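Q: Protein sequences, first through last, are from chains A and B. My numbering puts the first residue of the first sequence at 1, with every later residue one more than the last. My numbering puts the first residue of the second sequence at 134, with every later residue one more than the last.
Worth flagging that the hints you see were computed from the coordinates, not collected in a lab. Hints may contain errors.
[What the hints assert, rightly or not] Only part of the chain A face toward chain B is listed, based on derived beta-carbon distances under 7 Å:
no., residue
1, Asn2
2, Ala20
3, Gly24
4, Ala25
5, Phe36
6, Asn44
7, Thr81
8, Met85
Because the structure is a prediction, the values reported are computed rather than measured. Note that beta-carbon positions come from the ideal geometry of N, C-alpha and C, so glycine has one too.
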Amino acid sequence: MNRRTVWTLAGAGLIVAFIAFGAGAFKSSLTPYVSFDVARSSGNAVQVAGRLLPDSTHFDQERGALAFTLVNEAGDTLAVTYKGMKPGNFEEATQIVAIGRFNGSALEAERLLVKCPSKYQGVEEKEYGSSSS
Amino acid sequence: MFIPGVVALWVAAAALVASTVFYARCVRGHDEARVWARQLYGLMVFAVAVAAAVLMYLILSHDFRLHYVFSYSDRELPLSYLISTFWAGQEGSFLLWLLWGALIGLPLARFARHYEDRALLIYNLTLGGLLLLLLISSPFRFLEGLPPGQMPFDGQGLNPLLQNPWMTIHPPVMFIGYAATAVPFALAVAALWERRYDEWIRVALPWALVSVVALGAGIFLGGYWAYVTLGWGGYWGWDPVENASLVPWLTSVALVHGMLLQKARGRFRKLNFALASLSYVLVVYATFLTRSGVLADFSVHSFVDLGITGWLVGILAAALLIGLGALLWRWREIPSQPGDEPFLSRTAFSIMAIATLLGAALVVSVGTSSPLITRLWGEPAQVKPDFYNEVTLPVGIALALLLAVVPYLHWRGAAPGARNRLAWALLGALATTAVAAALGASGALFLAFLFASVLAVLANTVKTWEKIREAGIAKAGGHLAHVGLALMLAGIITSSAWDRTEKVTLPLGETRQALGYSLTFKGVEQQKPGARPAMLVEVGREGGSTFLSRPRMFRNAKSNQLVANPDVHVHLTHDVYVAPVEYDPGRPSEHGTTVELAKGESATVGPLRLTFRGFDRGGDHGESGHIVVGAVLAVATGAGEGEIRPILRSTATGFEGPPVAVDGVPGVTVALTGVNAAAGRVRLQVNGAGGGVATRASLRAGETLTYRGIPLTFVDLDLAGHHREGGPLDIRAVFQVAREGGEPIRIAPAIYDLGGQQRSEDVFVPGLDGVLLRLARVDAETRTVQVAVLDPAVPADPGRAPQFSADISIKPLIALVWTGLVVLLLGSLLAAVRRGREFGGAPEPAP
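Take these sequences, add in the hints, and give me the full structure.
A: Here is the structure:
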């Protein structure tokens with residue numbers, strides 16, 4: 001085996017190792033979209049989506065976390081806590097996606113995604129009816 | 134559709150098609166067609182510029198008939214932000230991209246030499262893709278369903294988060310980078326087509342460096358914006374939109390290294406063709422991911438499908454087909470020779486650097502595409518940000534190691550004396566790592582990363598210094614860029630490893646300790662009416678100086694969006710970062726009552742009889758720079774007569790009137806809350822006089838509330854009366870109080886409006902000692918009132934002070950990230966200038 005072959009093999013080995021490492025990390029950090037039931041029984045980080053239950057939002061002073069309740073289409077509810085700043089447009093959101101782990105009483109969200117009424121839908125009829133020039 | 138704009142776009146499209154056709158004729162050997170092709174290209178640039186000017190004019194003239202203008206701007210925006218609404222939305226940013234691309238084509242055509250015909254033909258196709266998207270989803274379309282001749286009075290306004298100086302220049306810079314990636318792509322395809330595989334490198338290298346600088350500057354602006362305005366404490370969140378700029382940057386950097394390699398060694402031709410195509414294809418792919426709506430469920434940025442998804446897929450497929458197809462077509466003809474450089478050579482290290490950069494680009498692309506990839510076998514799922522941190526860590530370590538060694542290498546082997554110099558840098562890096570470990574750093578990977586990046590900083594700084602002395606700063610760009618990258622890597626790891634965050638809740642005026650700092654919430658500051666309010670937090674180091682931090686938290690009036698901006702205090706070694714989490718305005722104490730008195734007037738409040746004698750001009754209440762007003766009041770109580778002198782003083786947050794206790798009646802305080810010096814009147818807040826709320830009731834006319842055996846009958850509202858200073862809202866409710874063995878007595882509590890704040894004037898209930906009747910709310914239409922009875926026997930509700938919750942963090946050495954990136958960009962810019970000059974000065978190669 002000459003030197004060139006050795007380097008080629010070493011390089012290929014490193015690349016394969018990196019791909020394997022990346023694939024492993026990819027699989028373990030996927031957060032699938034699941035139903036509330038699955039979220040409650042799963043010990044892994046998951047992603048759930050639902051609407052905000054009106055008037056369920058409050059700031060838990062002791063734990064320093066935002067607490068609210070999501071409700072899904074089936075009417076099932078899930079308590080969520082989030083230790084971060086309340087996202088803008090939180091109350092107006094049509095859908096809230098929470099990514100995190102269920103701790104026995106609530107989903108501890110690491111991240112919140114807030115879906116707002118699209119700029120491109122609905123606003124046109126609503127907004128300019130009253131104004132003209 | 135706004136006709137002039139649409140016409141300009143169609144003229145641009147026609148000129149672009151014609152220019153492409155004429156360039157195709159040139160390729161077939163009709164040299165006379167080139168003049169036409171160039172003229173038509175010029176016409177296309179002109180038409181695109183006109184379209185952009187029309188859109189800008191429509192924005193500046195507030196033409197809200199246009200969907201685009203209506204959606205992103207309003208009449209209140211200052212000029213600079215108004216201009217930036219041009220690229221606030223999808224269509225406008227495509228138009229900006231097209232404008233940059235069209236302008237870049239002018240120098241490209243001039244300097245492309247014999248590649249011009251083929252390169253411009255391909256380049257025109259890339260512009261054609263953008264123009265197509267603009268024709269499908271036009272920025273010039275009107276609002277749907279708008280009656281003819283009508284225009285909305287105002288637009289919806291710009292997202293308040295984008296109203297930031299960093300964010301106004303971020304997109305234009307970014308799109309220069311996006312547009313420039315098409316140049317190496319077009320030149321690579323032209324070179325393959327023409328079978329001249331080497332000269333294109335010299336033409337394309339400056340453009341690849343332009344991409345690196347522009348995309349890098351865009352990433353810097355975006356990251357810094359996120360850090361100072363979003364308030365989650367970081368600068369990089371691995372959001373698809375951020376990744377969409379990072380991945381083309383990584384491949385462009387790889388391309389630059391590949392081109393330098395080919396220039397120096399005369400090999401690696403296939404690699405560069407592949408890299409040039411890859412960079413452009415990834416830009417298109419990133420556009421597809423972020424603009425087609427496929428990631429709508431997975432990103433904080435709201436993406437919507439504008440009906441261009443299919444077209445984007447088509448453009449992506451075409452770019453891939455052209456780039457890859459051309460390379461495969463010539464694959465066997467491209468000369469390639471095996472090399473004989475040793476492992477310790479710049480050649481081998483460049484290859485490893487390219488592999489590492491591509492590795493990073495690959496994992497970031499895979500992560501960003503995870504919702505698409507997972508869709509292949511099940512429900513779409515997204516990777517957590519941890520994924521990126523985890524997989525880019527080994528990449529970062531590898532990059533740092535390569536960076537550390539490369540200054541000691543030549544293209545063909547190690548530089549003379551390398552071992553000696555490497556030894557010194559090694560000693561320095563070991564010492565730094567030891568100090569870090571002594572300071573509490575731990576973790577093998579972390580220490581390895583720190584060691585490698587410090588080594589890289591030292592080695593490259595020495596090399597840059599040598600190069601500057603030897604050949605001048607103009608030729609040291611590459612080494613300087615390496616210093617910058619190494620600094621940045623060091624900053625990223627130190628700032629993330631030693632980042633400490635603590636959540637604190639600060640009741641107004643009370644001091645709390647966090648992370649070695651004392652924090653006091655001083656109130657909400659609003660410098661002018663209508664200005665964005667800031668939370669005023671005094672931050673002090675124990676035994677050190679104090680400063681005021683002003684994180685902002687407010688509701689945008691237009692979109693009702695909650696906006697929270699952190700405040701960052703930059704120190705040499707660390708940043709103090711205060712991010713707002715929650716503001717609770719508290720609840721005012723309910724037992725207080727307000728009276729207004731002119732000079733000489735008296736009023737009875739509970740057990741007190743107050744008389745306003747005059748303003749207190751004597752005495753020295755004032756600290757310098759503060760306005761202080763005092764009032765002299767005579768107070769008569771059951772225990773005797775006295776005098777109190779409450780004051781009102783200006784503070785950083787407005788005015789405050791400290792409550793003054795009254796002798797003889799414990800628990801009762803009087804505070805001065807307002808002064809009208811011209812009219813000689815004062816407003817006083819008396820607390821503790823009426824006791825707490827004993828009962829509440831909602832009554833219609835004729836209904837009766839009985840409290841402690843005394844019936845209170847609501848007779849009717851009295852709307853005729855006018856409070857002295859009451860303004861428009863001044864309503865009395867007339868109650869009849871029946872007394873045993875006597876005539877019923879009428880009492881009339883009032884409610885009135887004082888400068889936007891509702892005040893009530895309470896009255897005593899006859900027959901009950903000290904019990905007050907308060908009017909809380911009135912509905913004049915249904916003749917219903919809500920009343921509260923305050924009884925001194927009931928403990929008063931003290932209310933709750935406002936409190937402010939914040940995340941405070943200490944970010945050590947984060948300035949290294951910014952300085953490193955700036956140095957990296959400066960180095961790349963020097964390199965771009967050098968390669969551009971080198972190319973411009975080179976003799977015309979023989980055809």
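Q: All the hints need checking, so say for each whether the structure fits it.
A: The hints, checked one at a time:
1. Asn2: Check failed: Cβ of Asn2/A comes no nearer than 11 Å to chain B, outside 7 Å.
2. Ala20: This hint is violated: Ala20/A lies away from chain B, its Cβ roughly 11 Å from the closest one there, beyond 7 Å.
3. Gly24: violated, 9 Å
4. Ala25: Ala25/A check passes; min Cβ-Cβ to chain B is 5 Å, inside 7 Å.
5. Phe36: This interface hint is violated because 15 Å lies over the 7 Å limit.
6. Asn44: Hint on Asn44/A: violated, closest Cβ of chain B at ~11 Å, above 7 Å.
7. Thr81: At about 13 Å, which exceeds the 7 Å cut-off, the nearest Cβ of chain B leaves the hint on Thr81/A violated.
8. Met85: holds, 5 Å
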